[in-house]
Structures are given as structure tokens and as C-alpha cells.
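My request is simple: use the sequences and hints to build the entire structure.
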Amino acid sequence: MTTQHRTACDPLPAACDVLVVGSGNAGFVAAISAVQSGAEHVLLIDKCPDEWVGGNTYFTAGAYRTTHSGLPDLLPMVNNVDHETAQKIELSPYTEADFHADLEKICDGRSNAELASILVWQSNDTIKWLSRQGIRFQLSFNRQAYEVEGKIKFWGGLSLMTEDGGKGLVADLRKAALAHGVRTSWNTALVDLQPPRRMGDEIIAMVNNAGKETAIRAQAIILAAGGFESNPRMRGQFLGPDWTRAMVRGTPYNTGDCLEIAMSRLDAQPYGDWSGCHAVAWDANVNPSMGDRVASNEHTKSGYPLGLMLNTDGRRFVDEGADLRNYTYAEYGRAVLGQPDHVAFQVWDSRVASMLRSEEYREEGVERITANSIEELSEKCLARGLRNRANFVQTIRDYNEAVYANRQETSSCPRKFNPAIRDGLSTLSSSKSVDPPKTNWALPLDKGPFLAVKVTCGITFTFGGLKLSADTSQIINSINGKPIPGFYCCGEMLGGLFYHNYPGGSGLTSGAVFGRRAGQAAARRVLAIRQGRSYPGKL
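Residue numbers (the numbering used here): 1 to 539.
Worth flagging that the hints you see were computed from the coordinates, not collected in a lab. If you're wondering where the values come from, they're calculated on a predicted model, not measured in any experiment. Any given hint could be a false lead.
The calculated label-pair distances, taken between Cβ atoms and stated as ranges, are [stated by the list, open to error]:
1) Met355 to Gly424: 17 to 25 Å
2) Asp398 to Pro232: 32 to 40 Å
3) Glu114 to Pro449: 51 to 59 Å
4) Val191 to Asp50: 15 to 23 Å
5) Ser433 to Gly338: 19 to 27 Å
6) His83 to Asp435: 20 to 28 Å
7) Asp292 to Met355: 18 to 26 Å
8) Ser430 to Thr95: 37 to 45 Å
9) Gly424 to Glu51: 46 to 54 Å
10) Arg362 to Phe417: 22 to 30 Å
DSS-like cross-link-like pairs, simulated, lysine-lysine; straight-line CA separation at most 27 Å [as the list claims (entries may be wrong)]:
11) Lys416 to Lys88
12) Lys151 to Lys175
13) Lys88 to Lys175
14) Lys153 to Lys128
15) Lys447 to Lys432
16) Lys416 to Lys447
17) Lys128 to Lys167
18) Lys88 to Lys128
19) Lys380 to Lys447
20) Lys380 to Lys454
21) Lys105 to Lys153
22) Lys454 to Lys167
23) Lys153 to Lys432
24) Lys128 to Lys175
25) Lys153 to Lys88
26) Lys151 to Lys416
Even glycine gets a Cβ: it sits at the ideal position worked out from N, Cα and C.
Okay, structure coming up:
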């Protein structure tokens with residue numbers, strides 16, 4: 001398709017081949033894929049206005065987790081590595097076995113085996129396909145690498161991000177959709193679905209377009225409208241009552257409408273971890289109801305592995321060094337939410353403060369609480385919600401004693417601080433213990449000046465979704481267990497992949513892998529109907 005096609009729909013068309021609901025990464029990928037696979041008339045709608053297009057994708061760092069065979073496999077896709085820099089990079093291959101192992105470990109062995117296999121197996125090919133569509137990739141130096149002894153060491157199995165993060169990704173996806181002739185309509189909410197009675201019958205989607213209800217006929221519908229993270233009622237119902245207090249990290253438009261329509265009108269089978277979500281440590285001083293389109297992902301506060309987190313009672317409550325950030329950040333928001341007042345203080349000393357990512361901790365973007373002593377820091381935190389100064393000071397003293405006790409016991413075989421690996425620097429010793437321990441990157445916190453930042457829980461996306469046929473990408477009917485003809489889903493609406501936690505960067509990869517498959521499957525149905533033959537089924 002060429003760029004001569006208009007994408008704005010005024011008036012809204014009465015019919016299309018494929019209707020895609022949702023304008024995030026998964027929705028745009030599904031629409032582009034459907035066109036490439038033979039669908040001629042693809043319409044993408046979203047209930048948000050034009051200035052909110054992109055869903056939660058806009059608020060991400062644009063990180064994609066993918067298998068690869070090492071730096072040479074990724075270099076052709078990235079635009080920020082010159083020859084001199086490439087010589088300094090240490091980036092180990094990330095194999096299918098590595099990806100599978102991370103999913104197995106992080107999701108407690110509950111990730112659907114078929115979906116997980118597809119995600120892992122198609123990740124590399126899908127990323128390269130995205131690159132061919134004009135998505136601008138870079139190596140994630142600022143988020144996923146540390147310079148150690150003159151070498152740039154990547155860590156955590158995650159190395160790719162998009163230029164300008166989620167903002168750049170959405171811009172590139174919109175440009176690619178335009179080039180493929182995908183038509184779009186904003187301020188257009190799905191309100192009802194009428195499934196076809198027989199093969200070949202059209203699906204009727206009722207939509208509210210800027211206050212006017214109208215019908216759209218389609219041969220296939222792809223639901224990619226996100227989860228329910230922006231809906232306090234559903235958060236309280238499925239995640240628990242404390243979750244009504246969580247801050248919304250991204251779009252305010254992911255309110256679970258399409259999930260409820262699919263379950264009530266199609267008898268779609270709910271599936272996956274409906275009590276689980278991705279939630280991060282988040283700036284406690286920002287708008288609780290929606291993300292900031294300018295600051296975007298910068299309100300995330302993920303520097304805790306380099307320091308400590310203390311609640312308002314002055315107590316630590318997680319092992320900040322339990323694992324690399326990629327494997328803990330999506331669950332530590334839940335840990336913060338469970339603390340008194342639903343907030344905590346992240347604390348560092350001058351040894352590591354300079355290593356914090358500037359986009360998350362620079363003075364222009366966050367309130368930095370600074371002091372020359374821990375006692376002074378506790379006094380300043382008291383004015384910002386800390387309840388117990390004495391506990392705060394004693395907790396840090398106890399931690400420091402445990403660090404030094406560990407160093408004394410391991411002096412014959414000392415470990416070296418290295419934030420790019422699980423370095424084993426801990427608080428564990430026979431003479432002094434703290435609960436919880438810190439099992440990696442446990443440097444003393446006693447060199448002023450000191451820095452603290454107040455954080456709360458920012459919810460990103462929910463894990464509960466709909467059951468999908470891995471073979472056909474069709475939504476499964478909860479009554480008869482069979483695929484529902486003509487209906488597909490992807491993105492956050494896909495249930496069964498993530499449980500309790502997820503490996504960082506795998507959300508965007510899932511949206512792209514299963515969005516691409518949904519587009520292919522929907523187009524195959526359209527072509528089969530057009531040619532008067534039975535739907536071919538498996539992808």
C-alpha cells in the first residue's frame with residue numbers, strides 16, 4: 001500500500017475487512033500485519049482523542065526483549081552504535097533457552113506453555129520485521145548497561161529499545177500504519193458486539209463515535225484495547241482493595257470495557273492471572289489518575305538496587321538486591337503499595353547517587369531530598385511522611401554493620417561491586433544479620449551527602465485477559481471451549497502469559513508477536529470468505 005491513502009475517517013465507514021480496537025503497540029502491529037497479509041480495508045479505532053493515541057505503549061521505555069545470537073545479530077537494526085563504541089560492548093547471546101528460563105522463573109512456572117513458546121520462538125523474527133516497517137531501534141545504553149573497567153556491559157537479557165522510547169515507537173507505528181493505508185478513527189469507543197451466526201456472515205460492532213452510536217460491519221475483529229489498570233472499580237474487584245489507591249502510570253483510557261464486552265456478549269473465556277499486574281515504584285508526587293505525556297516513563301523510580309527502600313515506619317521491606325532490576329521492578333510496586341500509607345523512601349549515599357539514571361532522578365523531574373547525615377535526612381523525610389525517625393536511622397545503621405560484617409568474613413576472597421551482574425555483595429554473615437537481607441550490590445550507605453526520593457505504586461498493566469487459541473489466535477468461548485469465529489485478541493487483553501511478575505521488555509514483544517499473528521489470522525479469514533472457501537484455521 002502507498003502513502004496516498006488517508007487514515008482519518010470522516011465520516012466513519014459503515015464496513016471494513018478487519019476492525020482493530022486499540023491504538024497501542026499490539027493494535028497498530030495487528031493492523032499493519034492484516035494489510036500485509038491481504039486485507040484491503042483495515043480500520044483501527046480507539047475511544048481516546050488524537051492526543052492520547054498510543055495507549056500504554058506511549059508511556060513505556062520502548063524496551064523489547066528478544067532472543068539473539070549476540071551483538072552482530074542486533075547491530076544491523078540499531079542506529080546509535082559507531083565502530084569505536086561497538087569495540088567496547090560486551091553483550092552475550094540471549095538464547096531461546098534463556099528466554100524460556102526467565103519466563104519460567106519470573107512467572108512461577110505458570111506461563112501458558114504454547115503461548116510462551118510462540119513468544120520466544122517468534123521474538124527475533126518479529127523484531128526484525130518491526131525494523132523493516134520503520135521502527136527505529138537502539139541499544140539501550142542508558143537503561144541496560146554499565147561501563148565497567150572500560151567495557152560497556154549489558155545485563156538482564158534486555159538490550160533493545162526504540163528511539164525516544166514509547167513516544168518514538170508510537171510515532172513510528174503511526175507512520176507505518178499510514179504507509180499501509182490503515183484508516184483510523186479516534187473518539188470512537190466499542191460499545192457492543194454481535195457475532196456472526198454462520199461462516200461468511202459479517203460481524204456487527206456497535207461504536208460510539210464522538211457521542212453518536214453507529215454500526216460497523218466487519219469480517220474480523222481484533223481486540224487490542226488494553227487491560228483494566230485505569231479502572232479503580234475493577235482494580236479493587238480483581239487485584240484487591242488496596243489497589244484503588246495505586247497511581248495510574250499510563251493512559252487513563254484502559255478501563256477494561258472491551259474485556260467486559262467480550263465476556264458478556266461473546267462468552268469469551270477469562271484467562272490468566274486476574275489478580276496480577278505490572279506495577280513499579282513511582283514518583284509519589286505526580287497525578288494519581290494518569291501518566292504525564294511529557295514526562296512519560298520518567299516518573300518510574302528503578303534505582304533501588306543501588307540503595308535501600310524504607311517505609312514510613314523506617315523499616316526495609318524488600319531485598320533490593322534480590323535480582324537484576326529487569327526481574328524485580330514490575331513486582332516491587334506491589335510491595336510499596338502494601339506498606340503503611342502506600343509509600344516508601346528510596347535512599348542512597350554519594351558512592352552510587354551519580355549512577356542513578358538521570359531521566360528518572362534529575363532535579364528537574366523529581367523532588368530530591370538531600371542531607372549531609374542520615375539524621376538530617378530522616379528529619380527532612382519526617383516532613384514528607386516518615387513516621388519514625390529513630391527506626392529510619394537505626395535501620396540504616398544495622399544495614400551498614402551487616403555490610404561490614406560480611407566484608408570482614410569474606411576478606412580472604414573479596415567480591416567486587418559490579419551492577420551489571422549478580423555480584424554477591426551481601427549483608428549475610430554469622431555475626432550480624434538484617435531482615436530482609438540484601439543479597440547483591442550491598443555497599444555501605446554511610447558516605448555523605450545522602451539522597452532520598454519518595455515513591456509509591458504506579459500500575460502499568462494488568463495480567464488477566466482472554467483465552468486464545470495458540471493455533472489460530474482466535475478468542476476461546478467459555479461455554480463450549482471452541483474458538484469464536486472472526487474474533488482475535490492481542491496485547492494486554494491476551495491472558496495466560498504473565499503471572500505475578502514478568503521479565504522486563506516482554507510486554508511489548510508479546511504485543512508485537514501476537515499482534516502480528518492476529519493480523520495474519522484475521523486477513524486469512526477475510527481472504528477465505530472473499531474466495532468462498534472454508535476458513536483455513538491454523539497459522
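Check whether the Cα positions of Lys416 and Lys88 lie no farther apart than 27 Å. holds (21 Å)
Does Lys175 sit within 27 Å of Lys128, going by the straight-line distance between their CA atoms? holds (17 Å)
Given the hint of 20 to 28 Å, check if His83 and Asp435 actually sit that far apart at their C-beta atoms. Cβ of His83 to Cβ of Asp435: about 50 Å, so the range 20 to 28 Å is violated.
Proposed proximity, Lys416 with Lys151 (alpha carbon, max 27 Å): holds (16 Å)
Check whether the Cα positions of Lys380 and Lys447 lie no farther apart than 27 Å. Since the Cα atoms of Lys380 and Lys447 sit roughly 18 Å apart, the hinted pair holds (cutoff 27 Å).
Take a quick look at whether Lys128 and Lys167 sit within 27 Å of each other, Cα to Cα. holds (20 Å)
27 Å limit on alpha-carbon distance, applied to hinted pair Lys380 and Lys454: Holds. Lys380 to Lys454 sits at ~11 Å (cutoff 27 Å).
Holds or violated: Lys454 and Lys167, Cα atoms, limit 27 Å. holds (26 Å)
Within 19 to 27 Å: is that where the Cβ-Cβ distance between Ser433 and Gly338 falls? Once the Cβ atoms are compared, 23 Å apart, the range 19 to 27 Å for Gly338 and Ser433 holds.
Agreement of Lys105 and Lys153 with the hint, judged by alpha carbon distance not exceeding 27 Å: It holds: about 23 Å lies between the C-alpha atoms, which stays within 27 Å.
So does Glu114 sit 51 to 59 Å from Pro449, Cβ to Cβ? holds (53 Å)
What's the verdict on Lys416 and Lys447, does the C-alpha distance respect the 27 Å limit or exceed it? holds (18 Å)
In this structure, the hints that do not hold are numbers 6, 12, 13, 23, in rising order.
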